[in-house]
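Colleague: Take the sequences, apply the hints, and build the full model.
Numbering (my numbering), first residue to last: 40 to 838.
Don't take every hint at face value.
As the list claims (entries may be wrong) - With a Cα cut of at most 30 Å, we get these calculated DSSO-like pairs of lysine-lysine:
1) K443 with K282
2) K476 with K443
3) K443 with K569
What the hints assert, rightly or not - Simulated DEER-style distance windows between Cβ atoms:
4) T195 with E511: 55 to 63 Å
5) P214 with D448: 35 to 43 Å
6) G59 with T195: 26 to 34 Å
7) G351 with E402: 52 to 60 Å
8) E501 with P447: 42 to 50 Å
9) E733 with G704: 28 to 36 Å
10) S597 with G59: 57 to 65 Å
11) R576 with E189: 18 to 26 Å
12) E733 with R576: 27 to 35 Å
13) E355 with V571: 42 to 50 Å
14) G498 with E136: 35 to 43 Å
15) E136 with S513: 51 to 59 Å
16) E501 with S597: 28 to 36 Å
17) D655 with E501: 25 to 33 Å
Since the hints were derived computationally from the structure, they do not count as laboratory data.
Glycine included, C-beta positions come from ideal geometry on N, C-alpha and C.
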Amino acid sequence: MSSPISPSAACPEYELWRRGYGVIQHTETTCDHVQVLASRLVAAGLQPDTATVYRKLADLDRLTSAGMWLVVHMTYANRVDSSGAPLSARDFKSNPEGHTGGTLNMIPAYAAYLALNNLTGETRSWLMGQGHCVAAIDALNVLTGNLLPEQHERYTGTGGLSRMVADFYSYQQKPDGTMAAPLGSHVNPYTAGGIIEGGYLGFAELQYAHMPLPGESLVAFLSDGAAEEQRGSDWIPRWWRAKDCGLVTPVMIANGRRIDQRTELGTREGLERFEAHLAARGFDPFRFDGRDPAAFVCALSEMEQSLQYRAGQALEGKLDYPVRIPYGIAETIKGFGFYGAGLNPAHNLPLPGNPRMDVRARELFREHAARLWVAPDELADSVLRLKEHKHQGRPLERDHPLAKRNPPDLVMPTIASRHDQVSPMLAVDSFFRALVKQNPDLRARVGNPDELASNRLTGVLEDLKHRVNDPENSSESVHGKIITVLNEEAVVSACLANKAGINLVASYEAFCVKMLGAIRQELIFARHQKAVDRPARWLGLPVIATSHTWENGKNEQSHQDTTFCESLLGEMGDVSRVIFPADYNSTLAVLPSVFNGRGKISCMVIPKRERPFVFDAREAETLARHGALVVDEDTSGGEPILMIANGAYQLSEAIRACDRLRETGTSFRLVYVQEPGRFREPRDTLEAESCMSEIERERLFPNRLHRRVALTHMRPEVFRGHLHPLFPDPGHSRVLGYINRGGTLNEAGMLFANRCSWGHTLAACASVLNKPPGEWLSSAELAAVEGRGDPVLITRGLS
Numbered sequence: 040m041s042s043p044i045s046p047s048a049a050c051p052e053y054e055l056w057r058r059g060y061g062v063i064q065h066t067e068t069t070c071d072h073v074q075v076l077a078s079r080l081v082a083a084g085l086q087p088d089t090a091t092v093y094r095k096l097a098d099l100d101r102l103t104s105a106g107m108w109l110v111v112h113m114t115y116a117n118r119v120d121s122s123g124a125p126l127s128a129r130d131f132k133s134n135p136e137g138h139t140g141g142t143l144n145m146i147p148a149y150a151a152y153l154a155l156n157n158l159t160g161e162t163r164s165w166l167m168g169q170g171h172c173v174a175a176i177d178a179l180n181v182l183t184g185n186l187l188p189e190q191h192e193r194y195t196g197t198g199g200l201s202r203m204v205a206d207f208y209s210y211q212q213k214p215d216g217t218m219a220a221p222l223g224s225h226v227n228p229y230t231a232g233g234i235i236e237g238g239y240l241g242f243a244e245l246q247y248a249h250m251p252l253p254g255e256s257l258v259a260f261l262s263d264g265a266a267e268e269q270r271g272s273d274w275i276p277r278w279w280r281a282k283d284c285g286l287v288t289p290v291m292i293a294n295g296r297r298i299d300q301r302t303e304l305g306t307r308e309g310l311e312r313f314e315a316h317l318a319a320r321g322f323d324p325f326r327f328d329g330r331d332p333a334a335f336v337c338a339l340s341e342m343e344q345s346l347q348y349r350a351g352q353a354l355e356g357k358l359d360y361p362v363r364i365p366y367g368i369a370e371t372i373k374g375f376g377f378y379g380a381g382l383n384p385a386h387n388l389p390l391p392g393n394p395r396m397d398v399r400a401r402e403l404f405r406e407h408a409a410r411l412w413v414a415p416d417e418l419a420d421s422v423l424r425l426k427e428h429k430h431q432g433r434p435l436e437r438d439h440p441l442a443k444r445n446p447p448d449l450v451m452p453t454i455a456s457r458h459d460q461v462s463p464m465l466a467v468d469s470f471f472r473a474l475v476k477q478n479p480d481l482r483a484r485v486g487n488p489d490e491l492a493s494n495r496l497t498g499v500l501e502d503l504k505h506r507v508n509d510p511e512n513s514s515e516s517v518h519g520k521i522i523t524v525l526n527e528e529a530v531v532s533a534c535l536a537n538k539a540g541i542n543l544v545a546s547y548e549a550f551c552v553k554m555l556g557a558i559r560q561e562l563i564f565a566r567h568q569k570a571v572d573r574p575a576r577w578l579g580l581p582v583i584a585t586s587h588t589w590e591n592g593k594n595e596q597s598h599q600d601t602t603f604c605e606s607l608l609g610e611m612g613d614v615s616r617v618i619f620p621a622d623y624n625s626t627l628a629v630l631p632s633v634f635n636g637r638g639k640i641s642c643m644v645i646p647k648r649e650r651p652f653v654f655d656a657r658e659a660e661t662l663a664r665h666g667a668l669v670v671d672e673d674t675s676g677g678e679p680i681l682m683i684a685n686g687a688y689q690l691s692e693a694i695r696a697c698d699r700l701r702e703t704g705t706s707f708r709l710v711y712v713q714e715p716g717r718f719r720e721p722r723d724t725l726e727a728e729s730c731m732s733e734i735e736r737e738r739l740f741p742n743r744l745h746r747r748v749a750l751t752h753m754r755p756e757v758f759r760g761h762l763h764p765l766f767p768d769p770g771h772s773r774v775l776g777y778i779n780r781g782g783t784l785n786e787a788g789m790l791f792a793n794r795c796s797w798g799h800t801l802a803a804c805a806s807v808l809n810k811p812p813g814e815w816l817s818s819a820e821l822a823a824v825e826g827r828g829d830p831v832l833i834t835r836g837l838s
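Modeller: Written as structure tokens, this is what we have:
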């Protein structure tokens, strides 16, 4: 730490700031740091003199106090009185709501971020893990005019602040059921500069190091509760590289409270243990006064300067990885600045009652809000000095680099189709290797929980390599692009964060379930952005579920789980694709649309074992374009039965069943459904854009064919439910799929155990046709299907 520099003995600006403002006071330690900061800014030519710096820090105190004043009104009031006059009983809400305590703690943090940008003339990016504190962001954005169009139109001008506090938790809806107010309980697409909802604590901690590019800087506001939620954040120094990562300044708001209990970090011993824990894992932690916005400014500046220096040393080869990452711990109490600070009720509603009906609560509100009030003219002058965006030639914070991600269009590789039996994962391997080589300016990330080679991505491993600090073999490199760790949330977060580049995630299907929380948060935010006509522009992300349920019989039922694809099928189909390529060519053909699908995540369920050639290049292209394809048809024997297959192994069983039907002169049509979500009944107009029309569905699935049998990779209830338009006559349709049966079995055994074999398929056909299954099955085969005979008669040569 640099030694303090004494300010001029007669510097009124310093004394103005030094006195503090309202509830904001400055410790001697912070004063020392501020003097160093002011001198540094002047020496760097960023500010004309130290007096200007002190004046702006005094302005920061006023902005912070006004932000806290507005936040408590958002929780409790229906209107504000900018003159500071006390509110009457009817001015308060009937049902107050708000995450008030954490929001109050975020006000000095975000205000300091805004001030630091002004002091240095640079618009940094920001990220907030505790999304329920969004009122802090919205309040300060409104006070400083840093707004997106919807909030600008509604919350600026006469009565704007009163409309804002009334809108907060108003629950009002438009006729279509959507929210009427451009304001939410968490970070949302109306939040200027917001990039993550933060509704699920822990994911910001996993993502922030992978977000900024070199030359960019990110301030990450983190929660002490999230330190308990997600320990994978401990590995940030393991992944950060000056060569392909921008500067990161993580700050934990350590207020010591969960919703109804003190955190371990709320104790002195717990905080000391946490500091030691961080230091042992490559961080450089330090504590500062989280109640003082100036302390935040100093901490952020010093952290950034420190990492910038270390980055330069690493690039010159003078410093080995891992580089120590500065980590600020802002010590405060929950709800600082208002009544009830530090107590459990501070999390939500700190007052002991509702001010609308409770006289004591009303008086407490008036008393404590008065301490935060700033005269409008004084506040306006402070805000004016803290903005200066046009003068400095920099964008508003709403337009920070991470909020405006829009990578260039991809140059797509040309990979030859194949006509032999081969693993479909080899198509992914070849395509992604070529894609990375043809787009060298886009940062590549591969998320790998384990066994990349086992999942047939050996070429990707050879080219991109595991990122490690101390390479042990040729598949590892200090600057590797593959993030490998046995933590599914951490590896998927590395790719979700890399919105400036190209990404690929591959995992065992059963373990993809651990990624669902992170993926769903991303899908929700992308969908909301699209709904307000500001769609996300990051490149499509494939999350490949391989070593999947039907191939993983050898590993017991823990490895046999179709939940992942089923869950993502439940999300909105225009941002969440679920795709089941059946062979090499169908995999290859769909990959360009997956990577070109901006703002979309695609779950791709792909076999890793060799699968027979089914689709030639033209058929695969058609399948990729329409999501389904007629594979085989025989109409020579009366009304055909409609066979629907979904999944590689299910297609093989359906083909074998159709061969028996053909042998006996039974008509059929076999359709392969590669992308089931496109054949659902759309749930709104946005999803309808990704769904097939009734005319297109009729072309593939004619209504005249009302007797239907489907085989699906998923649980049959899920497939039937989402695709109910394909089963107009439930009494004459059957769906076969995963019925939660498994164990230590091979592929054929899995199919048999779940009644999905070709034999079970023929029995289902007999049921919908009201025919005896003996027309297609021998007595011994029928006995096996009915559980009375030897399964080997069905499983022999299966798959």
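Colleague: Which numbered hints turn out to be false for this structure?
Modeller: Numbers 8, 14 - these are the hints that the structure violates, sorted from lowest upward.
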